[in-house]
Each structure stands twice: as C-alpha cells, then as structure tokens.
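Peer 1: Sequence:
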Amino acid sequence: MASRSPSPPPTWRAFPDRTPTDPGPQTDPHEAPAGPLAVVRQPSSYRETLMPVPSFPLTTSGWIPVWDQDTRTARDVGLTEALTRAHRLAMFTGNSDQLPLLRVLAAAFDAACGPRDTAEWDAAWRADALDADRITAYLDQWADRLDLLHPEHPAFQCGALTNANRGLEALHPGSLGGAAGRWFNHALSAGDLPPCAAGEAARRLLYLITYDVAGIKGAAPGDPAERGSKIYGSKVGPMADATHVHLQLPGARLKDLLLLNLPPQPRTPGDAPVWERQTPPAPVRTREVTGRLDLLTWPNRRIRLFATDQGMVNALAVHDGDRTSAPSWDVARRLDPMTAWRVRDKGDIPMTILSAESWPQPWRGVLLLDQDAEYPHTSQAVQHAVAAAQRGVLAPATPINAVTSVTVHSNRHQAVLSDIPVVTMPLGTAAQLARDETRSVLAKMAGYAGAIERNLRAHAKAVSGRSAEQVNSRMVLSDLDHEWAEAVALTGHDLDAGRAAWRKAVRAAADHKIDTFPMSVMDRAKLRSVYEDPPTEQAMVKKTASRATSAGPGGPTKRRRGRPTTKHEAFAGSYSLSEIAALPQCVVTYKTLASRVAQGWGVEEAATTPGRRRRPSSIESQD
Numbered sequence: 001m002a003s004r005s006p007s008p009p010p011t012w013r014a015f016p017d018r019t020p021t022d023p024g025p026q027t028d029p030h031e032a033p034a035g036p037l038a039v040v041r042q043p044s045s046y047r048e049t050l051m052p053v054p055s056f057p058l059t060t061s062g063w064i065p066v067w068d069q070d071t072r073t074a075r076d077v078g079l080t081e082a083l084t085r086a087h088r089l090a091m092f093t094g095n096s097d098q099l100p101l102l103r104v105l106a107a108a109f110d111a112a113c114g115p116r117d118t119a120e121w122d123a124a125w126r127a128d129a130l131d132a133d134r135i136t137a138y139l140d141q142w143a144d145r146l147d148l149l150h151p152e153h154p155a156f157q158c159g160a161l162t163n164a165n166r167g168l169e170a171l172h173p174g175s176l177g178g179a180a181g182r183w184f185n186h187a188l189s190a191g192d193l194p195p196c197a198a199g200e201a202a203r204r205l206l207y208l209i210t211y212d213v214a215g216i217k218g219a220a221p222g223d224p225a226e227r228g229s230k231i232y233g234s235k236v237g238p239m240a241d242a243t244h245v246h247l248q249l250p251g252a253r254l255k256d257l258l259l260l261n262l263p264p265q266p267r268t269p270g271d272a273p274v275w276e277r278q279t280p281p282a283p284v285r286t287r288e289v290t291g292r293l294d295l296l297t298w299p300n301r302r303i304r305l306f307a308t309d310q311g312m313v314n315a316l317a318v319h320d321g322d323r324t325s326a327p328s329w330d331v332a333r334r335l336d337p338m339t340a341w342r343v344r345d346k347g348d349i350p351m352t353i354l355s356a357e358s359w360p361q362p363w364r365g366v367l368l369l370d371q372d373a374e375y376p377h378t379s380q381a382v383q384h385a386v387a388a389a390q391r392g393v394l395a396p397a398t399p400i401n402a403v404t405s406v407t408v409h410s411n412r413h414q415a416v417l418s419d420i421p422v423v424t425m426p427l428g429t430a431a432q433l434a435r436d437e438t439r440s441v442l443a444k445m446a447g448y449a450g451a452i453e454r455n456l457r458a459h460a461k462a463v464s465g466r467s468a469e470q471v472n473s474r475m476v477l478s479d480l481d482h483e484w485a486e487a488v489a490l491t492g493h494d495l496d497a498g499r500a501a502w503r504k505a506v507r508a509a510a511d512h513k514i515d516t517f518p519m520s521v522m523d524r525a526k527l528r529s530v531y532e533d534p535p536t537e538q539a540m541v542k543k544t545a546s547r548a549t550s551a552g553p554g555g556p557t558k559r560r561r562g563r564p565t566t567k568h569e570a571f572a573g574s575y576s577l578s579e580i581a582a583l584p585q586c587v588v589t590y591k592t593l594a595s596r597v598a599q600g601w602g603v604e605e606a607a608t609t610p611g612r613r614r615r616p617s618s619i620e621s622q623d
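With full-length UniProt numbering, the residue at position 253 of the sequence shown is 253, and numbering never jumps.
No wet-lab data here; the hints were simulated from the structure.
Glycine included, every Cβ here is placed at the ideal spot set by N, Cα and C.
Be aware that one or more of the hints could be misleading.
In silico DSSO-like links for lysine-lysine, alpha-carbon gap of 27 Å or less [what the hints assert, rightly or not]:
hint	residue 1	residue 2
1	K591	K567
2	K513	K346
3	K526	K513
4	K346	K526
5	K504	K526
Between beta-carbon pairs, the in silico distance windows are [claimed, not checked]:
hint	residue 1	residue 2	range
6	I216	R474	34 to 40 Å
7	P327	E374	21 to 27 Å
8	T136	P269	35 to 41 Å
9	Q383	A137	29 to 35 Å
10	A431	D97	32 to 38 Å
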C-alpha cells in the first residue's frame, strides 16, 4: 500500500469585523440551532476588519485515510468525498485510530440521508452508491461548522476558549498513557513537538475527545465549578467506557461499513450532531443525551486548537466538557449501535472480549448471535445484520466479521490509558447468520472453549496445589485465531465437522498448556485425563472453608455466627448454594440456582441446566 499523502495546506478566509454592540445569538448553547448560519460571539482577538485567518474545511480537505479502488492508492479525503464515493473507497479499521473517524462518518451519513426504516435501508444497500445529492447538499449547508480552524465555531471544538494552556504533547495519543506513555514514546521524550499539519491535528483531536482519560483537569476560565483552578471528577467518554463492536465485510468498502452499522431509524426530535449545535460554552456542564447523533459526536472535552499563520497547529486548550446526566452505560446501551453488552438482572454490562489476562479470544464474538441464552450478549449492529441476512438482502456467501475494541486503563480511576486492543472476530457468512440452528451451534462452540478453560484452571489448581495467581495466567487458551476461522467456515457446510474441528483445536491448545505447566509427569498425566470433565473435587472449596474457620496454625477456631448455612449434597461433596454457584459445573447465576431449588428442583439439575435449554448430558453437548 502506498504511503498516505500529506495533508493539504489550509485555505484562507476573510473574516469580517463584528461590532462590539452585536451580542451574537442568545439561544441555549446546547440546543440545535434553527439554521446553518447561526453564530456565536467572536473572540476579541479576531476583531480586525477582513483579517485573513487559516481555514481547513473537513468537508473538502483531505484528512480521512482511505484506500481508493479507482487509483489503487492510499489517500486522505474529506467528508464529502468519503461519503459520495463510499462505494469506491475502503476504510480499514484494524487499529483504534480509525474508530473515532468511523463514528464521525456514521453520524454525518445518518444526519444527511440515513435510512429511516427497513425498506429505505434495503434500497440503500442494493443501490450502487449512497445518495450523493443529499450528502453534498447537507455538508455544503454545514461547511462552516465543519471547518477545523474556524475562528468562531471550530469543528468539534469550543470557540469560547481563547487561550492555549497546553503544548502539542497534549494532542499526542501517547500522552494518555501517563508517565510511562511519554517515557516509551520517542516523539514525546525527545522534547517539544513541532507544529502539526491540520489533517493530522483533526485526527488526533477526535482521538483525544474519544479516549481522553478521567481525573483532574485544568478549569476553563470562568468555570463556576473550579476549585483551585482545577475541575474534579472528570469522566471518560461514552465510547471509552463501553465495548465497541462494528461489522465489516472483506475489502472494508466504506458504503457497506456505514450501512451495516447503522440500523435504520428516524431522527429523534431534538437530536443533532455537534456541528449542528452552537459552539459549547467553556464551563463543564451536565446534560441529557438527545439521541444517536448527539452520542456519536459527544463533546466529552472542551478543546481549542491554535494554529500559525501557515495553518500549522502549534498549541491547544484542553478542559473537561459535557457529562451525561444518565449513567454512561445506560446511555450507550440504549443509543449506540456500535457497542456490545452482556445482559444481567442487575443491569447490562459491557461485553468481555479479552481473557482475564487480557488475551484476545476471537471466538467470543459469536456469543452475540445467541439471543436465546438466559443472559445473552447483545449488540444493535449485530442484530441488525442478522435481520438483514434473514430478509435475504445480504448475499448469502458474504463473510461477516465483528471488529471489537475495549479501552484498557491501568487503574480503576481510568486516569491512565494502558491499551486499546482491536480484535477481529469471524461470525460466519450471511447464510450462517440467517439460520437459527447455525447461530446456536456457533455460540455453543464458543461456550465449549470457555468451559474447557475454566476446567483447566480448576483441575490444575486441584492437582498441582498451586494458587489461582500461579495457575490462571498459565491456563489461558490463546493462539487459536486461525483454527476458529476455519471451524466457523466449516460449519457453513457441515455443522458436525465444524464442531469436531473446533473441539480438536481446543483440546490441542489445552494439551499445550498442560505440557508447559510446571508440574510432575504424574500430575501432568492426571490433569490431562480429567480436564474435560467438570471438577468434582471437594478440595476445590476445602481451602476456603478452612480459612473461614481457623485463625491459622495454632490459633483459636473462629465460631460461625448467625443462621447456619444449609448444605446440599452435590458433585461428590457438601456445599452451600453460593459455593455451588461458584463451581465450574454451575451454568446459571446464584439467583437462578436458588430460585430453582426453592421450586423443588434437584440441586445438580438446577445448577447444570442452562436457561431456556434442555439439560446437557456432558460438557461436549454444550458446543
């Protein structure tokens, strides 16, 4: 692939003087304006008649990296070309840099001519191209609001900020990693950064808005919430707090990318992207998210880029921005189609795409296909694609991948960014997604890998006598990407063959983990003989029980107080319901287990019967 061409130089605008008596608009700053020409009070530093200022219109200037299928080159394009030629451009989303760009493109397309219902979506999918006339008219209407360097309402920024408080290091993605990020990044450790081209600054701006870390921020001038020139309680943005997922076809054609990840819906009354709104005020504010367009372009930070006369960005202002009035998980779950969730009684939580040791596990994506599970995983974009496949709109042989991402922070305060892994997860072809049985089999195959991994850990601890800290990190199923893709492809032709291939691959991976684990030959043979069976050793909870009743060697025995816990004979031992719920054999939550036992179920049957499914006879029947 050819290297990307440098960003074009900025254009220039003649900015007329505003008299001091002109107060500018008086509308609520977070309401969408009545028309595209609404403006705000101009900073006094710009009040010179016809003063030339640099301009970088995001609609026509090149700043979005794409692969042009006509020229066979990598190039940067503006918003207008990206959308009007989306059928001839590809956007590869294999790293976190592209994800904020995808969200902006989705919002621009949705606002311009996004399908309002299934019929419109099907017609748009079958059309050769997106509606170029409507897209061009819409982006021309809002061109001034999409100017990165506009003196009054710079795109995605706060025009009320007039003084820079940070150098370009604050715009560099490596700065979000804290001291370690700066230390290990050559550009940041070398000293002051040189001025940045406008196109690169635009990409870094969106990255900072999307992924900026939580913690203490410098207060914007005049912010009534400031304490000692600081703002406390800053949160990460909605996307950085959730699990991202979008669907992608081979070739990553931009038209397909946008339509697959935007389920059809009419615009919510009052909803608008950030460029249709007044420039936000400098102080922090808490407000309601008005809809999908608002969330996709959420102004999580107050930022202002400052440029030289040549249009090179050399400084910026960074402060806290809008905060959601509702919990961010609730908002994203309801409004953001490109997120993935696990349903729970106490509230949905972001779907897990990594192991506890942060290993990507690409088979987890198909869990989004099984909506009949007692506690399913779900995503609006995935369910939208399944419905389109069932309608026959998607070509049956088309492979569909889920591209997932999660933001990993180094501490619970989310104040230091550690990593943003992006994992591509094969889901199968459109024909596979359209069939209920195939979706169920794929989800069970993923469940089989999870069960084997849990069994490996439990048996390894019981056999070796080592602690969980010593065992868990060594018993993670990994390096199965190719095997998973092959197994998914096989299920498209033969479900049994696909299942058998996956079981073989998982067992081979488990054998490798056993071979490399530090234990005796006899213990290794014992572990290999039992790891596929659910653990039945009462010793799995014996140590915990011992710690609960003894103060230590030679110490007094602690007396248990309160109502005695009822013990149940199950799995070759005597356990309380909470202990049974923690065993690997149990496939339901404690709440479901207790409810079933109260209704007269047998304890083992209640623990091993998945919700809404007949009881499996063995672990292999769950795949």
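Peer 1: Are any of the numbered hints broken by this structure? If so, which, sorted upward?
Peer 2: 2, 4, 8
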